[in-house]
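Peer 1: Residue-level listing of the chains:
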Amino acid sequence: MIEGLLGKKLGMTRIFIDGLDVPVTVIKAGECYVTQRKIAERDGYDAVQIGFEEKKASRTTKPMQGHFKKAGTSPFYHLKEFRGEDLSGYKPGQKITVKDVFKVGDRVDVTGRSKGKGFAGVMKRWNFSGGPAAHGSMHNRAPGSIGQSAYPSKVFKGMKMPGHYGAKRVTVQNLEVVAMREDENIIMVRGAVPGSVNTVYTIKKAIKKR
Amino acid sequence: MGVMADIEKDYLRTDIPEFRPGDTVVVNVRIKEGDKERIQAFEGVVLRRRGGGTRATFTVRKVSYGTGVERIFPLHSPYIESIKVKTEGRARRARLYFLRGLKGKAAKQKIKKR
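Chains Y and E are the protein sequences, given in the same order. Under this note's numbering, the first residue of the first sequence carries the number 1, and numbering increases by one thereafter. Under this note's numbering, the first residue of the second sequence carries the number 1, and numbering increases by one thereafter.
It cannot be assumed that every hint is accurate.
[Said to hold, decoys possible] DEER-style ranges, computed between Cβ atoms: (1) E/K36 x Y/K103: 29 to 35 Å; (2) Y/K103 x E/K32: 26 to 32 Å; (3) Y/G116 x E/D10: 29 to 35 Å; (4) Y/M138 x E/K32: 51 to 57 Å; (5) Y/K154 x E/D6: 57 to 63 Å; (6) E/K32 x Y/S74: 47 to 53 Å; (7) Y/T61 x E/P17: 55 to 61 Å; (8) Y/D18 x E/T57: 57 to 63 Å; (9) E/K32 x Y/K70: 54 to 60 Å; (10) Y/G116 x E/P17: 44 to 50 Å; (11) E/L12 x Y/N140: 43 to 49 Å; (12) E/T67 x Y/T171: 46 to 52 Å; (13) E/T67 x Y/G121: 51 to 57 Å; (14) Y/M138 x E/I39: 58 to 64 Å.
[To be verified] One side only, chain Y facing chain E, incomplete, derived with CB under 7 Å: (15) L10; (16) G11; (17) T13; (18) R14; (19) I15; (20) F16; (21) G19; (22) V26.
Since the hints were made in silico from the structure, they are not lab data. Every residue gets a Cβ at the ideal spot worked out from N, C-alpha and C, and that includes glycine.
Chain Y extracted, bound-state conformation:
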């Protein structure tokens, strides 16, 4: 079975499970189709390439059209390879639904691109505390000293400074799958995942199992 799927964030809400109020992120993981099989003898490793989110053939480059034609599927926006144990059952063109891979109670790692924050100051980017807000203070959100003078006479590498923040690949580990809607390929995981609605995620089985 392959160890993960591709999905897309639909939003967050809260649901009640056994009377408890659970914050969940709703992710539509599928439908995914097998677009290629990588085999150890030929490719050096075993994996399944899956496609997510159909797109028009007219928006697909000719070389990619050929790739999808070989698999016998429509073109997709997103392709990703997944490994796993015993992949012999997977054939190109095959549909993979959520219930083939995950079940309620599983732990998953969700990887996606976080929201971009643009050029951010040190308070937002590095959680500096900033200066006093009032009493004539003119040191409000500035970083303050970044080093000493005669020695070391330079700014150390990796000094926390303002700069571009967010829009970065982020993984949240060990989220619990609390509910599923198998017919619609929807899974609900406890807690938040990076990125906005419509962010595409790689959802894998947790590597740090409890």
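Take the given structure of chain Y and dock chain E to it, following the hints.
Peer 2: Okay, now just chain E, sitting in the frame of chain Y:
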């Protein structure tokens, strides 16, 4: 219907009566103490309702031994055994925070009966 609303629909309760800010309600809350479960009533004036879907909550205020007590309940929580509307009040605004500053009869007069 949006997908999110459709998902929330599964978790919404249908046995919640209609009520508005200004109404006096009795909220019967399930309380777990160890293995035992009992029901506690909380009676007071609805100060506000907020949120939609499963995220909806409402605030109830009562005066207990001279001290104002407010509780915020998730509207669709399974811990709410039942909600009963005792009197329907007519309030002229949606958020009755001004009641916090009023006592006794003054508070009552601001909410007329419907």
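Peer 1: If a hint holds in the structure, say so; if it does not, say that too.
Peer 2: Tested hints:
1. E/K36 x Y/K103: 29 to 35 Å: Between E/K36 and Y/K103, where Cβ atoms are some 33 Å apart, the hint holds.
2. Y/K103 x E/K32: 26 to 32 Å: With Cβ atoms ~28 Å apart, the hint holds.
3. Y/G116 x E/D10: 29 to 35 Å: holds, 34 Å
4. Y/M138 x E/K32: 51 to 57 Å: holds, 55 Å
5. Y/K154 x E/D6: 57 to 63 Å: Since Y/K154 and E/D6 have Cβ atoms about 59 Å apart, the given range 57 to 63 Å holds.
6. E/K32 x Y/S74: 47 to 53 Å: About 52 Å separates the Cβ atoms of E/K32 and Y/S74, which means 47 to 53 Å holds.
7. Y/T61 x E/P17: 55 to 61 Å: holds, 59 Å
8. Y/D18 x E/T57: 57 to 63 Å: violated, 20 Å
9. E/K32 x Y/K70: 54 to 60 Å: Once the Cβ atoms are compared, 59 Å apart, the range 54 to 60 Å for Y/K70 and E/K32 holds.
10. Y/G116 x E/P17: 44 to 50 Å: Cβ of Y/G116 to Cβ of E/P17: about 46 Å, so the range 44 to 50 Å holds.
11. E/L12 x Y/N140: 43 to 49 Å: This hint holds: roughly 46 Å between Cβ atoms.
12. E/T67 x Y/T171: 46 to 52 Å: Cβ of E/T67 to Cβ of Y/T171: about 48 Å, so the range 46 to 52 Å holds.
13. E/T67 x Y/G121: 51 to 57 Å: violated, 44 Å
14. Y/M138 x E/I39: 58 to 64 Å: holds, 59 Å
15. L10: At 5 Å from the nearest chain E Cβ, Y/L10 passes the 7 Å test, so the hint holds.
16. G11: holds, 5 Å
17. T13: It holds, given that the least Cβ distance between Y/T13 and chain E is near 6 Å, below 7 Å.
18. R14: It holds, given that the least Cβ distance between Y/R14 and chain E is near 5 Å, below 7 Å.
19. I15: Holds - the Cβ of Y/I15 comes within 7 Å of chain E, reaching about 5 Å at its closest.
20. F16: holds, 5 Å
21. G19: Holds, because the Cβ-Cβ distance from Y/G19 to chain E comes to roughly 4 Å (cut-off 7 Å).
22. V26: Hint on Y/V26: holds, closest Cβ of chain E at ~6 Å, below 7 Å.
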